[in-house]
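There are 2 protein chains.
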Amino acid sequence: MAIEAWQDKALKAQEARDASLAKVEPPLKGLPIEAELPLNSRNLPREVLTEREIEITEKPVSELLAVLRERRISVEEVTRAFLRRAAVAQVATNCLTSLLWTSAISRAKHLDSLPEPKGALFGLPISTKEHHGMVGENVLSNASYVSWIDKPHGSNVLYDTLWDEGCVFFARTTQPQTIMHLETNSNVYGRTVNPYNRLLTPGGSSGGEAALIGMRGSVLGIGGDIGGSIRCPAAHCGIYGLKPTTQRISLAGSRSHCAGKETILATCGPMATERDSLSLLMQVALSSKPWRIDPGLTNKPWTPYTLPTDRPLKIAVQWWDGVVRPHPPMIRALKEVSEACKKAGMDVVEWDCTGLDHKKAWEITAALYWPDGGEEVLGLLEESGEPVLPLTEFIISEQKSVRKRDMHELWKLCAERDAYRAFYANAWNRTASDGNQEVDVILCPPSFGAATPHDQSRYWGYTAQWNLLDYPGVVFPVTSVDPVKDGKVEGYEPVNEEDRVVYEMYSPERYRDAPVSLQIVGRRGCDEMVLAALEVVERAMGRA
Amino acid sequence: MAIEAWQDKALKAQEARDASLAKVEPPLKGLPIEAELPLNSRNLPREVLTEREIEITEKPVSELLAVLRERRISVEEVTRAFLRRAAVAQVATNCLTSLLWTSAISRAKHLDSLPEPKGALFGLPISTKEHHGMVGENVLSNASYVSWIDKPHGSNVLYDTLWDEGCVFFARTTQPQTIMHLETNSNVYGRTVNPYNRLLTPGGSSGGEAALIGMRGSVLGIGGDIGGSIRCPAAHCGIYGLKPTTQRISLAGSRSHCAGKETILATCGPMATERDSLSLLMQVALSSKPWRIDPGLTNKPWTPYTLPTDRPLKIAVQWWDGVVRPHPPMIRALKEVSEACKKAGMDVVEWDCTGLDHKKAWEITAALYWPDGGEEVLGLLEESGEPVLPLTEFIISEQKSVRKRDMHELWKLCAERDAYRAFYANAWNRTASDGNQEVDVILCPPSFGAATPHDQSRYWGYTAQWNLLDYPGVVFPVTSVDPVKDGKVEGYEPVNEEDRVVYEMYSPERYRDAPVSLQIVGRRGCDEMVLAALEVVERAMGRA
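Going down the list, the sequences are from chains A and B. Oh and the first sequence: position 125 is 125 in UniProt numbering, straight run, nothing missing. Oh and the second sequence: position 52 is 52 in UniProt numbering, straight run, nothing missing.
The hints are simulated quantities; they were obtained by calculation from the structure and are not laboratory data. Quick reminder that beta carbons are idealized off the backbone N, C-alpha and C, glycines included. Keep in mind that a hint or two might mislead.
[Claimed, not checked] Once the Cα atoms are required to be at most 27 Å apart in a straight line, the calculated DSS-like pairs of lysine-lysine come out as:
| id | chain 1 | residue 1 | chain 2 | residue 2 |
| --- | --- | --- | --- | --- |
| 1 | B | K151 | A | K412 |
| 2 | A | K59 | A | K23 |
| 3 | A | K314 | B | K300 |
| 4 | B | K59 | A | K412 |
| 5 | B | K404 | A | K404 |
| 6 | B | K151 | A | K300 |
[What the hints assert, rightly or not] For the chain A half of the interface with chain B, some residues (derived, Cβ under 8 Å), not all of them:
| id | residue |
| --- | --- |
| 7 | K118 |
| 8 | E262 |
| 9 | T303 |
Please put together the full structure from these sequences, using the hints given.
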């Protein structure tokens, strides 16, 4: 048993967070008390912030970078505006583990004092997931484990690059227990809620980032993804999120359990209010040649992809994954976007999952997450005595394929993984048979539906599939749940138990205001192409 | 216990090999009986083959490809010439597991019958390591395990590509027990010896390839490397060999123990009589985009590297690795080549291994080879009852860091590996400090000396170091042991037990005629640069 009660340790972390927020100056005035917060928090910033702060925090990123570079607005003013807006987001969604008031303003002043603006991100405020660590001294991180509260931490390879390019780190954000929920709830910081509807999850595990950016308390943040942890929360909060192919962006220096496990890899990636910020972040991250420092990374520069002009983009629409039928608003989003693509002249076909066995893929994936049966993680929880949360139970103990494996069982599992990857690659290759153009990208749901009510995110297939395959995936906002258009399909007969649970979860009323997003997935290593495809798809949707 | 004695099973494999060689037509005449074979076999082909066969098999590869493409010599005639020369190599060195007489000639006839020559390798005979499998029907492979004799096998991703590009597979070559010796001896096919001196090893594990190519019984072959298995035998047999960064060339489809193990990866690579054949093979292998079929591969085309013209190449010479002092001929080779580089205007500095702890690197590497303590492999040997050979004992049981690990011990080991890789990358980065140009490549020994007497290859550090780091390495011939120039250093005081054994092994007389080669190593992923560097180094040596 722990000597100190876990609640006392957690309280210390919460007090540290609260103390960091208490520095906000001028203090936030006019916010409702928690019990009176509206369901949808998106308008709260306008009620609290100055017009000038609203103007600054709602500028397009390209414009923000331009005014910073041209020194038409000081870095300090921009930083203060985002700090205050992030504080509002915290009240609304509980998305922060720490507001870096002092260090961010000191950094801003330093940047303002430079004779010349320097770096591709000069003066841009960037928010970060807590367990990644941070630039600076006396940094702690706990990765949402009570046992790790007060554990000293350092910076990491990616953050050092962003720092060198002149950014301002100003807020650290929440993640769930074990960092392995598609929601964001921990015994350390409590539950993060969705900016659009506080009865819904912001998703996870990078749910703090998503909620913060969904409130525009940040325009660019860094998440991590091993099963959907960037894409799911980006989708649920109506923002953009990219999970690149692994080993392009460094994770080195992040704190997590299972260090040294390589059965299935995580990756960092950008989460943002705008599409262009995704490629900006990738460009900046890779232009530093991070493989010189983290030699596990692929030595391959970021090379923007130019789509061929002599043929249309070929998009395969995945209407469902053969396991769980998406909710009506998701189907509508797929219809709307694929129709727009067709109208714009693209070659739209179907990504038929029959025979592709996404169910088996999930069983392999879950086993790859916990080749020790979850022993290390459960031990970490036991160490502090903090309760095991339901979604932790779900992802470890309730997965039938998860068990402690010996070395030969591990090799067998990895061989199964590799065989499945080759099998899926072959399915993709076959789209090019008979002289047809190969499918360029898959358009698919990033989840079975919009953000779920709390503790209901128990199906990972729509994101984790692409982690198993290590295919890059980008999520973008499409629409929001519409009670008129998105009525429940009556009389649907679920094809399995998971499908039944998901079907029964839906009613348009529960999902009020919830954003609905889609995902574009490309073959492994085709990160640049996925972003190029997103651009033409959004153009087809009538966006800039 | 095995039902059938292992000797009987091995005999069957030997008989199959002999039957394949008995097809040679016209039969080889005038070869000495085994007891009367000369120490150096390099002149044997001239005593047995026709002038025309010698002419064909000794053409530069570019010329050979040109005459084949222009149909000035038929594929069949070229194939027959190499088949007969390979048969001579077999008598001299015992390098073959099978001569593909029938299928190669039938393939040649097919290629001759095509209206147009097709493919970048049109008509080129290529030899292959036995455990990689083969294109065709009724293929067997045993990977040198008696237990696996008669086991059906198929082709693999790389060989399919070479086949599509018009090559002729004509010979399969030996590898040692477990494919984990730096020599080539197995209970299935016996011992392969060095073309230059039959008392010496050809190296291993791709020793059959090296001996065959060293006899010019093949001009281009495919080996595999996880600890030196391409580079060591290439060095010992005076040929060229490239170990690329892993995951550039596919291994998928090869037969080996420990399938699914990913602690340290092997890679295929070219072994050749000429430098240019290395880039040819890489170019051809990657132009097929093999990552579409083997999705573990890096999606990165082969992009020949152009050395900068505004500064000299910066080469760091590794005189020794801090563990085992190279023999005198190796030191002389380093001196000769580094002097030539200096004269050609290159920036030649030292790669000082002090503080880089190559000894620790080896301990990690050995542990990574056998995270199950070697259990699977030893079980495979026990299954047939075949004896465990001394170099198998050496690489498993005699390595102190090798033991069966549980999952958490495995993760710890992998984390140690990653930390060492980052540490070494940082050392390389530091060569660029203070405004200096970063070191481009390291010039280093591929072994502590020339080919060792049999069963003496017990130090892997000069090659395995670069497997642990996953740095590409290319080996090229430099000189041969010279009793006059390469006298033993008297009075040297070994710094450790391994150093003592290696020191005592040397006397110039034992190494008569042995080739001495060097290795050029680049950073991970810099395969193209390593080959570009080799070209300028060889030019500096006065070669074409």
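Status of each hint after checking the structure:
no.: 1; hint: B:K151 with A:K412; in the structure: holds, 20 Å
no.: 2; hint: A:K59 with A:K23; in the structure: holds, 25 Å
no.: 3; hint: A:K314 with B:K300; in the structure: holds, 22 Å
no.: 4; hint: B:K59 with A:K412; in the structure: violated, 46 Å
no.: 5; hint: B:K404 with A:K404; in the structure: holds, 16 Å
no.: 6; hint: B:K151 with A:K300; in the structure: violated, 40 Å
no.: 7; hint: K118; in the structure: violated, 19 Å
no.: 8; hint: E262; in the structure: holds, 6 Å
no.: 9; hint: T303; in the structure: violated, 10 Å
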